[in-house]
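Heads up: the sequence lines are chains A and B, in that order. Residue numbers for the first sequence follow the working numbering, so the first one is 1 and each next one is one higher. Residue numbers for the second sequence follow the working numbering, so the first one is 1 and each next one is one higher.
Simulated from the structure, these hints should not be mistaken for laboratory data. All figures in this text were calculated on a predicted structure; none of them were measured in a lab. Careful, some of the hints might be misleading.
[Stated by the list, open to error] Distance windows between CB atoms, simulated:
no., chain 1, residue 1, chain 2, residue 2, range
1, B, K113, A, P20, 56 to 66 Å
2, A, T31, B, E115, 35 to 45 Å
3, B, G27, A, I48, 42 to 52 Å
4, A, T178, B, K110, 14 to 24 Å
5, B, H69, A, T60, 47 to 57 Å
6, B, N6, A, L85, 49 to 59 Å
Glycine residues also receive a C-beta, built at the ideal position from the N, C-alpha and C atoms.
Single-letter residue listing:
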Amino acid sequence: MKLDPSFIWTALIQLLSAIPTTLVITAVSVTIGFIIGLITALLRIYKIPVLSQIAAGYVTFIRGTPMLTHLLLIYFGLPMLVDALSAQFGWSIKSSSIPMIGFAFISFSITAGAYMAEVIRSGLLAVNRGQLEAAYSVGMTTPQALRRIVFPQALAVSLPNLSNSVIGMLHGSTLVFTVSVVDINAKAQIVASTNWKFFEAYLAAAVIFWGLTLLIERITAVIEKRINLYNRGGVA
Amino acid sequence: MIQLTNITKSFGRHQVLNKIDLTVQKGEVVVILGPSGSGKTTLLRCVNYLEKPNDGEILIGDYRLNCKHASKKDIYQLRQKSAMVFQQYNLFKHKTALENVMEGLVVVKKLSKEEAKTRSIALLEKVGLGSKLDAYPSQLSGGQQQRVGIARALALEPEVILFDEPTSALDPELVGEVLAVIRKIAKEGITMIVVTHEMGFARDVANHVVFMDGGVIVEEGTPVELFNNPQEERTKQFLKRITPELNYSI
Ligand SMILES: Nc1ncnc2c1ncn2[C@@H]1O[C@H](COP(=O)(O)OP(=O)(O)OP(=O)(O)O)[C@@H](O)[C@H]1O
Ligand SMILES: [Mg+2]
């Protein structure tokens, strides 16, 4: 078999239609993951009894198991749970009514949450305790101090790692083909299945992923420049 | 008036403050002296409730708080009555000098942005930083940062400003500018409690000097009383160590 350069282009065009699916899965899992991660990080930093142990367990379990496994566990486990609960409480929800992409949203959010929890936690720990004390000293409440003083600084510190998490989730989203969701990668397989030009199709997918990754890196750089304005004294 | 009664604080089994009683009249400048580890910082932090006393009562202005049963709300109330100037400045790193001073006014005192800004600019001018409004802390010298810290504390118009060794992290040539600002606001009748090792400053700015050691107040009095005629052996020892020039200059 010979390389067919023109088919790379053809495939590329056809793959464009799958970009929104990939982006939506990434965006949803990163957004919900960020919220889960923030809560998890705060539970651990404030050592809330019981909940902080649960949070720590969640983080080690998720980070200690593959993302594909999470997806499969949710895919096979969630319907059992939903059906059991429906039967118990007489709800009308059926597991079969959960859209396939819903499994991806839920499981990837759980995955992203555990990774982001660690990123956010280290960002929060990097903020000098004196910042919080100064906020208290001017009379702020804890939520005010966190929101106005600690979070912005923690976010600035965490940004490079958060950006890596986003890229990780973008690439990881390719696993959705296992639950029959058609993302860029799955689309490449479909495109190639008629003429067996898998290499060309996957090469086109790679080009798209690369482009999206570069885009995320560019956006990160822009945000970094804006929020790190105050950090003139850094090493860089 | 500020009145501390029976303030007691331990870290684990280490008792750092042992039943401290201290009264500061309105407009008074009280200087606290004492060897390292004597509990000076801890005492100031208790007044600002950055450290929770195990026992005792804090009265600031018209607000009284019993440390044994203080709710979150009580603590927020009490904190608004005092402001701290930190040894390490602790300016909000991600905010400009102006924003640092405005922050408490907008978020806590709920002033409008414009009003907070006008007031903050006036205060920064007062501490000699009218030309540094938009500088971030990382762009300011230690002395300048500390002056912003003082403006930030002043802005809140607290009953008392607490200074914890405000010049000890500074290069010697920057100490003067910060002390000059503190002197200036002392003259305006702002109530202050100052922990410092600057004896010259203590002598001519303080109305009242307190010597602490081992978590208790060993001796207190006017600067003249305490510096020229200390009664307690521990005070004499300390003063001898910290002002060796006294041995031969008089
Ligand atoms: N968070 C803490 N945990 C445990 N011990 C502490 C803590 N903060 C202070 N201490 C201890 O309390 C004692 C008094 O400390 P403090 O900082 O109040 O002393 P200080 O008089 O301000 O000393 P210095 O002149 O060195 O600043 C010290 O023995 C110190 O080790
Ligand atoms: Mg100290």
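To see whether the hints hold, each was checked on the structure:
For the pair B/K113 and A/P20, the beta carbons lie near 41 Å from each other, so the given range of 56 to 66 Å is not met. In this structure, A/T31 and B/E115 meet the distance hint of 35 to 45 Å, their C-beta atoms being roughly 37 Å apart. In this structure, B/G27 and A/I48 meet the distance hint of 42 to 52 Å, their C-beta atoms being roughly 44 Å apart. In this structure the hint that A/T178 and B/K110 lie 14 to 24 Å apart at CB is violated, the actual value being about 54 Å.
Roughly 39 Å separates the CB atoms of B/H69 and A/T60, a value that falls outside the hinted 47 to 57 Å. In this structure the hint that B/N6 and A/L85 lie 49 to 59 Å apart at CB holds, the actual value being about 57 Å.
Figure legend: structure checked against the earlier numbered hints; hints not met, in rising order: 1, 4 and 5.
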